[in-house]
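> Can you build the whole structure from these sequences, using the hints too?
Top to bottom, those sequences are chains A and B.
Using this note's numbering, read the first sequence as starting at 1 and increasing by one per residue.
Using this note's numbering, read the second sequence as starting at 1 and increasing by one per residue.
Hints are computed from structural coordinates only; laboratory data are not their basis.
Treat each hint with caution, since some may be false.
[To be verified] Lysine to any residue pairs mimicking SDA-like chemistry, simulated, CA-CA at most 20 Å apart:
#: 1; chain 1: B; residue 1: Lys279; chain 2: B; residue 2: Ser291
#: 2; chain 1: A; residue 1: Lys113; chain 2: B; residue 2: Val105
#: 3; chain 1: A; residue 1: Lys113; chain 2: B; residue 2: Lys271
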Amino acid sequence: MAEKREITYLQAINEALREEMQRDENVILMGEDIGIYENIFKVTRGLYKEFGPERVRDTPISENAIIGAALGASLLGFRPVVEIMHMDFLNECGDQLINHLPKIHFMSGGKLKTPVTVRTQYSLGRYIGAQHSQFFPAFFMNVPRLNIIVPSTPYDAKGLLKTAIRGNTPSLYLEGAVLYSTKGSVPTDDYTVPLGKSKIILDGEQVTIVTFGMTVPTAVSAAEKLRDEGISVMVLDARTLSPLDKEGILKAVKKTGRLVIVEADCKTAGAGAEISALVAEEAIDYLDAPIIRVASPDVPAPFTPPLLDQYLSNEEKIIKAIKQVIR
Amino acid sequence: METKELLTMHTKMLELRRFEEKVEELYAQGLIPGVAHPYIGQEAVAVGVCSALRNDDYILSNHRGHGHNIAKGVPSKFIMAELFGKEGGVCKGIGGSMHSTQLEVGVLFTTAIVGGNIPIATGIGLAIKLRNEDRVVVSFFGDGATNTGAFHEGINLAALWKLPAIFVCENNLYGMSVPVSKSVSAKNIADRGVAYNIPGEIVDGNDVEAVYNSTLKAVERARRGEGPSLLECVTYRYKGHGIYDTGLSYRTREEIETWKKKDPLKRSENKLRRKGVKKEQLMDIEKDVDSIIEEAVAFSKSSNYPSWDQMLAAFKV
Chain A
1 MAEKREITYL QAINEALREE MQRDENVILM GEDIGIYENI FKVTRGLYKE
51 FGPERVRDTP ISENAIIGAA LGASLLGFRP VVEIMHMDFL NECGDQLINH
101 LPKIHFMSGG KLKTPVTVRT QYSLGRYIGA QHSQFFPAFF MNVPRLNIIV
151 PSTPYDAKGL LKTAIRGNTP SLYLEGAVLY STKGSVPTDD YTVPLGKSKI
201 ILDGEQVTIV TFGMTVPTAV SAAEKLRDEG ISVMVLDART LSPLDKEGIL
251 KAVKKTGRLV IVEADCKTAG AGAEISALVA EEAIDYLDAP IIRVASPDVP
301 APFTPPLLDQ YLSNEEKIIK AIKQVIR
Chain B
1 METKELLTMH TKMLELRRFE EKVEELYAQG LIPGVAHPYI GQEAVAVGVC
51 SALRNDDYIL SNHRGHGHNI AKGVPSKFIM AELFGKEGGV CKGIGGSMHS
101 TQLEVGVLFT TAIVGGNIPI ATGIGLAIKL RNEDRVVVSF FGDGATNTGA
151 FHEGINLAAL WKLPAIFVCE NNLYGMSVPV SKSVSAKNIA DRGVAYNIPG
201 EIVDGNDVEA VYNSTLKAVE RARRGEGPSL LECVTYRYKG HGIYDTGLSY
251 RTREEIETWK KKDPLKRSEN KLRRKGVKKE QLMDIEKDVD SIIEEAVAFS
301 KSSNYPSWDQ MLAAFKV
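The structure is reproduced here in structure tokens:
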């Protein structure tokens, strides 16, 4: 039995980076303020010191060139892990991230591989305004062959990051900033978590919650409260949105016959819309009630705490949705 | 330059010209689908640059890239079959006219997005440097690309990290229909090198020897570890932006004719004649090139279209 200990989500990411850099010298890091400053949350703590400026490279504020340079280095066998400081800044690198990175393998007739991991964090819930808070993973779900990884626990954060770095396809790895300080049990031994496999965090009989990323702990705590009221809720963490674990989601929905999707992104054409469509296409006959989505409203995230608290997919909204779906 | 060297370059330029002329013909016949961007008129740039590179040096090409690819050593037939969309193509017919990868001769990637290969070249340069190799990477792009953020971000980074990259701007005076005078604020594109503390040189892009010599200087600098250079090769495309464009709605016939007087092939031919190369020898070269092109067409016609399964197989990683 492998030894386990409690570490934070942030430490788990840091460990994955360190261990992969120790394991394979082709793993290099690039990004803004990741070197001597060790990232704005200290995710890259100690790495610059351990691996030096050649392998932990501070870059100018040039997001498009960061992704492009990582892509270029990957064509010669490197496995760059690049950091974009805020998910909102992915908008600066659309050409390289969308129009180059996931297409080059295909366009070259399979001759080239682009094993690049793009790490970024979404700060929704941190009261820092609309331009540093957007969580919009579904944008990228419409880009074929770009893995979208949305870990919610330290265990998954570490295991999924390792899988991304070792894989031969490009990945977008989305860290929930509000999750950085959350703790969980993580083995000391090396392990990976496969892409496209969801995880049932709480088993239940009456309703299935499908969620991912920062709303997972909120959904779990809502489900636990409902359990005290005698309502049995299953919570399924999708863990990756691309590839999406269709089989796992359908199985979970078929078991309870009721589905509530809990997501932190905006409702219209969000990730939950795809999950709803999947269930509607392939399991509608199993549903005993209409699907409900608990998502952010279709407005940018407000700054002021009372409004942002109202904006988020919180416990209160989840509980209300569950009660509605079982009515 | 030795006669033999110039003769080799002249032959390659002729192959590029005949290739594109054939593409126009086949497009008109409906044998080539989609789009292609003819390189006619700019041959001295691709051949001059690639002649200054080793086989194991890398190039990244762009939408007007058939010439770069063939000049770097990709057999014409593989490019032609790609244009046909056939499995014998350089990307198995999946990429199309604007994509090519042939690792054996250092053709890494060809992008269809203006400026798109510049940051990628920076990454290739970084990889070369981290591996302590003495290769170099060339990024080919047009004048229009120098107005993109990718140009500025990519070259700044390459200059900052002193990477072995050569940024070759083919200034053919038009970004699609817009003249450089209406799109570039700098007096010369080469001047933009100053902003990144790297050499920027204006080169006669219709003189293969001049392009070769300037590239060689930039390559040597890169191999010495002194960082990138920017070459502005001034040239002209005789045809429209794409094969569908006459190129006449925004340019005059007089302007095109003026440039044809500075034709890169005529210039190399005149030089060769002055060096004592016989007319018969040049005629023989014409015949050899024609047979390469004919072979490319025959190869492309006989190659099959890739199947859906082959396409999915290309996705395996």
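> Next step is simple, just say for each hint if it's right about the structure.
So, going through the hints one by one against the coordinates:
Only pairs whose Cα atoms come within 20 Å are accepted, and B/Lys279 paired with B/Ser291 is accepted, the gap being roughly 19 Å. Of the supplied pair hints, the one linking A/Lys113 and B/Val105 holds, its CA atoms being roughly 18 Å apart against a limit of 20 Å. A C-alpha spacing of about 44 Å is found between A/Lys113 and B/Lys271, which places the hinted pair above 20 Å, so the restraint is violated.
Going down the numbered hints, you'll see the structure goes against just number 3.
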